[in-house]
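Protein chains in written order, with my numbering: chain A, 1 to 984; chain B, 1 to 187; chain C, 1 to 98; chain D, 1 to 416.
Hints are not guaranteed to be accurate.
Within a straight-line C-alpha distance of at most 20 angstroms, the following computed PhoX-like cross-link-like pairs (lysine-lysine) qualify [unchecked claim]: (1) D:17 to A:496; (2) D:10 to D:52; (3) A:368 to A:390; (4) A:515 to D:10; (5) B:3 to A:599; (6) A:587 to D:382; (7) D:266 to A:138; (8) A:761 to B:184; (9) A:515 to A:558; (10) A:390 to A:558; (11) A:390 to A:496; (12) A:675 to A:869; (13) A:499 to A:515; (14) A:270 to A:587; (15) A:368 to A:515; (16) A:496 to A:587; (17) A:138 to D:97; (18) A:599 to B:97; (19) D:10 to A:499; (20) A:499 to D:407; (21) A:981 to A:680; (22) A:675 to A:870; (23) A:950 to A:895; (24) A:515 to D:17; (25) A:761 to B:3; (26) A:270 to B:98; (27) B:98 to B:49; (28) B:5 to A:587; (29) A:133 to D:97; (30) D:350 to D:382; (31) D:52 to D:407.
It should be emphasised that the hints constitute simulated quantities derived from the structure, not laboratory data.
Residue strings, one per chain:
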Amino acid sequence: MTNGNRLKGGLVDRNTSLNFRFDGNNYSGYQGDTLASALLANGVRLMGRSFKYHRPRGVLTAGSEEPNALVELRSGGRQEPNTRATVAELYDGLDANSQNRWPSLERDFMAINDRFSNFLTAGFYYKTFMWPKAFWEKLYEPIIRRAAGLGSLTGEHDPDLYDKGFLHCDLLVIGAGPAGLAAALTAGRAGAQVILAEEDFHMGGRLIAESGALADISGTDWVAQIQAELSGMGNVRLMPRTTVFGAYDHGIYGAVERNADHLAAPAEGKPRQTLWRIYSKRALIATGAIERPIAFENNDRPGIMLAGAVRAYVNRWASTPAQSVVVFANNDDAHQTARDLMAQEVEVPAIIDTRPDAPDVEGTEVLKGAEIVNTSGRLGLTSVQVRVSKGYTRDLHCEALAMSGGWNPNLGLTCHQRGRPVWNTDIHAFVPGEGLPVGQTVAGAAKGELTTDAALQGGAAAAVSALADLGITATQADLPAAQDAPVSLSPFWHVKDAKRAWLDFQNDVTVKDVKLAHQENFTSVEHLKRYTTLGMATDQGKTSNVGALAVMAELTGKSIPETGTTIFRPPYTPVAMGALAGRAVGKEFHPTRLTPSHKWAEEQGAVFVEVGNWLRAQWFPRKGETHWRQSVDREVLQTRNSVGVCDVTTLGKIDVQGADAAAFLNMMYANGFAKLPVGKVRYGLMLREDGVAYDDGTAARLAEDHFVVTTTTANAVLVYRNMEFVRQCLCPDMDVQLISTTEAWAQYAVAGPNSRKLLQKIVDPEFDISNEAFPFMACGEITVCGGLRARLFRISFSGELAYEIAVPTRYGDAMMRALMEAGEEFDVVPYGTEALGVMRIEKGHAAGNELNGTTTALNLGLGRMVSTKKDCIGNVLSRRDGMNAADALALVGLKPVNAKDTLPAGGHLMNMTGPIDAANDQGYVTSAAYSPILNTSIALGFVKGGFDRKGEQLRLVNPLEGQEIMVEIVSAHFVDPEGEKLRA
Amino acid sequence: MHKLKPITPLGGNTPRQDVIGTITITEVADQALASVAARRGQANVVRQKLSDQIGLSLPDVGNAADAAPFSAFWTGPDQWMITAPHESHELLASELKKTLGDSASVVEQTDGWCRFDVAGAGLCDLFERLSNAPVRTMASGTAIRTTAEHLGVFLWRLAEERIAVIAPRSSAGSLHHGLLAAAKSIA
Amino acid sequence: MIIDHPLLGPRDAQEFTYLGDASLINRPDWQSENALSEFHDYLYLRDNPAGEHRELWYHEQGDRSWLVVTRNTTTHEILNVELAHDVAKAAAAERSAQ
Amino acid sequence: MRYSALRIFKEAVTGHKGWTPQWRDATPAEAYDYVIIGGGGHGLATAYYLAKEFDAARIAVLEKGWIGGGNVGRNTTIIRSNYLLDGNEPFYEFSLKLWENLEQDFNYNAMVSQRGILNLVHSDAQRDAARRRGNAMILNGSDAELLDTDGVRAMYPFLNFNDARFPIKGGLLHRRGGTVRHDAVAWGYARGADMRGVDIIQNCEVTGFRIENGAVQGVETTRGFIGARKVGVSVAGNSSRVMAMAGMRLPIESHVLQAFVSEGLKPFIPGVITYGAGHFYCSQSDKGGLVFGGDIDSYNTYAQRGNLPVVEDVIESGMSLIPALGRARLLRSWGGIMDMSMDGSPFIDKTHINGLYFNGGWCYGGFKATPASGYCFAHLLKTDRPHETATAYRLDRFMSGHMIDEKGQGAQPNLH
């Protein structure tokens, strides 16, 4: 293929030729091209198919508002659907495919929809596909789903990296057209911290798309000058390829920078895109304007484009969509398109202007007061039919049409909070109204000031005023003389009596659909959009909303602003999900917390499990063990028979000090702590203010004014937060200081009948840890291994004689090794969370499955712990009737009547007779395990009135997995119910 | 003396150092840390005692202060973190408690944290990818507690081209990964 | 959102954890005759205004201060930020003066 | 007018001239027997069932803006009956059964599509909880299946089974769960109610209640006083505002939940997936957009927009579950105001004012409840007795200690 439509000049680098493929065909373009400009230069007009009718489509625009020319770019895991050819920068080897067509773009089977368009009007699907009932899901919907959608994901993992970051500035300027550049220059020279973000890869906006924007210098040259000056300023950050997509509260903007989308693939270690959260003190919207089409019969054929876009292709990219281009407009501005084309020797057979008083243009005929009534050309425009005057039509041969219905300020970012645009009768368009986001102002075309001169002056003035708010004095930068012809436009929205005239190109919404919506009482804008899908496509209706509103206004006999307004939601243009996720993907989704013995456990071949963000050893398989149960049973038995060690560092630890530390804990815990002697530990239960139990743990009193509190692993952060709440908000006069020490200490449970013997080898001899000197629930600060400071607590979760020993974390690895070495003579085993779980179930200790946020102290069998003699969080509301019913759930033990049965946690409990249904539910199983000591499966569960039902048999039902097992209610304390081992 | 061998937060026997482009990331394990929280109404007493006995004047909100070999940075109302070389002050918390008595609650924090000192040109480019802290305008001798890589961290600007990032020790590996990724991204 | 912390200056709201209405500072007397209904109203009932709202935020990823933020719930404009500790102390002083 | 395939054919060949308004724009009468405040899904459904099932006469729905503009028009369209607790599951099962027959019932295709909802589990404890829930569902007449990792992989091979931070260990599959075309629900109920004589009055904001001797007499509105024997309030996120006009404080806070849709894609996700290790749930609409959401923004608000941290949090979760999402683009995000209750469960109850009834506290689960909420509210309005599936939804349950706390989070609305 040749670049047959390539013109002279432009901002493409003719020394850098780039090869690319579209739908399997090879083409070439230049550095500086977009996919769209390169395809046009190669004479390709057909680029896509519409969503509903599968109409052949070409490119409509030259920017991010493009509704038609959407392609699948790249392949495999990098395939990105719905990429707008108008913003896809050309690179060597680019490979793109058209989408939503089968088998090919030229011959699309689903184009049959177009033949039946009379049946497929707006909302038709709400009225049909209902009979027979089963057919919707079995037949109709699957067909619709298959036909729906545009491009496709491959399902392969996205291989690229994404980055995320945070920027701060005095003034964020969004858009680097004339207004934005003038503002950035003014603010930059004043020394303010400025960010200038531009979605395009080339700064300049319309300055580089127009031939005569500035009087004495070319727009391109001026842009280059200003850009050079700005790049030299340390206080200005230029961000091309950066789309500011959302305006959030308090001056925070979301932006995405495309670091590597203009390359075949990002370099190793480099991100594809970066999401920036920009904290701005002031922001200036200088996002320009978007041209709007005119609705007329068959106004959607490939080759029919917006007039300003045609100028951009001609002037900036040196490509013309065709060698013969007709112009159709209601304003003067579009006439420039004809001039620019003719200057490049492209034929312009005529300008069709809806205004009877339109001015003449040298070199072509202006058909005044005329309108286009139809077009021809199946896969590309071949001619337009013009109604020159009433009853008289004329065919004009052409391969492209440049149309313009005027310009709409690009005001998306002004609407992201409460801003509602208002109608401006000078330019017949919505402009930003009241309620802009705090700190935001608008300048240039985005504000409705459509001349280059107004944009330059307005941008500079807006910068001066924004900085003045911040106490920074700026003077308006010197600016070049510029085009300042007043807007001359006569509103014209659609050619009457068209059979099908498109408003929303992508979603195939026509003037008729709006009429139907009106007929069926969907007259509010919100109803119109939802009923017809207008503006719901990937362009958010940037080129279609106002036109549809105008049609609705005509129908209701109201003005456009009375009919409604259009607002936009973030993001301004679609944002890759990868960028929004940043680095937090895969294994890095959340931080990973490792315990002090992690490295050692890895060496032992431990299997790890996620517990919140922690990784904990779940069990430690030994050679020959083929099933996890073998390892766990061994760990339990060996601990119960001799001694085992478990890393319990993950339990939360909070250091509580101060003169009122004891009074404070009295408030936090349901049970009393005021009288706990120094050197002792007590089990404590915490309630929420609603009286429900939420955490349990221990508090060790190291001194009169010093406690160390432990929490469950899961609730460490929550308990600390609640403690700070009580300290600062409820007990502001107490003398208490809190700090978390969870990570500062490596803590190991040493459990089993030989635990004392083992520890005696570790604890330095001057500390007597005999049963008499260091009884159950004792604690103390000691030294180990010849002088390392440590803390020892005689507490037990397993029900065995047990201790927890804590050393500074850096020595945790060495401590684990020392414990193993010292325990060798006792066949010490390390045990993981699984064995820990088995032993606590055997002992009947509640854990997360029982403390599920709905259970009370009473349910847990700890009702007596809730002191009535003092105030504490939760005591008053725990007394409500509904939480103290006679048949309240009670935590009990369950064992199978047939010892071989395995009890599933999550099973429900039913009486031995009666129906099995929700009405007869007696409770549920919370935790279950195989007890190697009892040689049977055991479980804990809540049973209605269960404390008085010991010995009763129930049916444990698990219909989910088809089980029904007979169980007996027993004490939750399966082993050592009297606690003799603990005290041994 | 005990024979237990310490390991660093990243699990090594010696601190790790990575150089990526202009950035050097150094694991720091040789600093002892202790938190000091004034008891009710005792903030001035605490300030006075530390000033008198170790010459350290406790910093105000958001700041750090040095009085070799000690440093301190503000962590909350009437709360500070004090650092000193681990080699000479492993028992920093006990030392401070002796100095401060009942005027403050002092807690050993040495091993609650990991610390990486990040240095080199492009430091701000790196940190603006990790944290919302306004690193470009952060003066030397200031410290801020904020988030980075989903972690609560302290950022302590030690010098124009040197920032210490102090995070919960158990997450050292994740933080380190984030630092490396950001460094590669800007290299 | 950005919360202007009375000690630390402007900080991203993402560093904070939200609790709810600042009336949660005014916990009733557990020994009051109507303790049950007072606690019910305290814990469960809310004004939930569309407009100015005094609310509790905790600077969890910061200095661990609880703050009382006065914020407009229709515009998100923040009108005032106080240390909850100060607010609670003042309330306690007022209670004991009565 | 009855909708049918034949009707569409006829209209297609005669230029669509015969279609009539789907509902009338009624002007307010002086008085009604029943005034429903709120023209959202629940309010319209209430009016529909009052007229259709309970033979109530003279009904008006008052809507301050346009019908269907609230949460029914801005949600993630999921329907399901997979609740755990006795107070909830029978109600949601009733609702799902109404969904299953809705289209034939109101002659409007709302595209009820039971493509299944899969709640993933990532730990043994989550599996235990899923088993308890699945059994509760089955015991209440709903459906549930417990899948292992391979079962999940067979359904959704593109989930992250390679380098997941929180590996997928299975899931609870509820095959009758699915999605509905949400706007069509509002329009279908509106049309059905209108056909049965209900006055749907748009742009009519209630500004006060007229209450005499402890009994409601009617409502003051921007279009004048409208008398009513009984007034039902069904205004979701505005519950506190409206009920404050009757002097009531509610156990409710208003919060914003953001929702998201991607650009249109060819079929990718057949059913609904919820992530168990992050805030993310996702389905794909019949038009091809991935519709997804996560957690609420956590602060009280009446502004229908959210902030960036939650957007990032949701999409981080999405990407960590579905790594292929990176190349898809977020098209639009929006926010809806949720009436978050103190235990995460709703209210359908009388108030202490005679003739004033309240329906609210739906949190972010109101959409799926629409049919049953309307039905049960209509039942209460007509009979003064709660429907058998909605007996637990009382306003005084916190006083009596009968919370319905599915998540076990206690009295903090933003955690439900």
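Proposed proximity, residue 382 of chain D with residue 587 of chain A (alpha carbon, max 20 angstroms): 56 angstroms, violated
Residue 270 of chain A paired with residue 587 of chain A [C-alpha distance capped at 20 angstroms]: 18 angstroms, holds
Restraint check for residue 515 of chain A with residue 17 of chain D, where alpha carbons must lie at most 20 angstroms apart: Holds, at roughly 10 angstroms.
Given pair status - residue 52 of chain D, residue 10 of chain D, alpha carbons within 20 angstroms: The given pair, whose Cα atoms are some 29 angstroms apart, is violated under the 20 angstroms limit.
Distance restraint between residue 270 of chain A and residue 98 of chain B, which requires alpha-carbon spacing of 20 angstroms or less: Answer violated: residue 270 of chain A to residue 98 of chain B is near 52 angstroms, above 20 angstroms.
Pair hint residue 133 of chain A and residue 97 of chain D, alpha-carbon separation not exceeding 20 angstroms: At roughly 14 angstroms apart (the allowed maximum being 20 angstroms), residue 97 of chain D and residue 133 of chain A satisfy the hint.
Restraint status (C-alpha distance of residue 515 of chain A to residue 558 of chain A at most 20 angstroms): 14 angstroms, holds
Given pair status - residue 184 of chain B, residue 761 of chain A, alpha carbons within 20 angstroms: 49 angstroms, violated
20 angstroms limit on alpha-carbon distance, applied to hinted pair residue 5 of chain B and residue 587 of chain A: Violated. Residue 5 of chain B to residue 587 of chain A sits at ~30 angstroms, over the 20 angstroms cutoff.
Given pair status - residue 515 of chain A, residue 499 of chain A, alpha carbons within 20 angstroms: Holds, because 12 angstroms separates the two Cα atoms, which is no more than 20 angstroms.
Distance restraint between residue 17 of chain D and residue 496 of chain A, which requires alpha-carbon spacing of 20 angstroms or less: Distance of about 17 angstroms is within 20 angstroms: holds.
Residue 950 of chain A paired with residue 895 of chain A [C-alpha distance capped at 20 angstroms]: 11 angstroms, holds
Checked against the numbered hints given earlier, the structure breaks hints 2, 6, 8, 10, 15, 16, 18, 20, 26, 28, 31 and satisfies all the rest.
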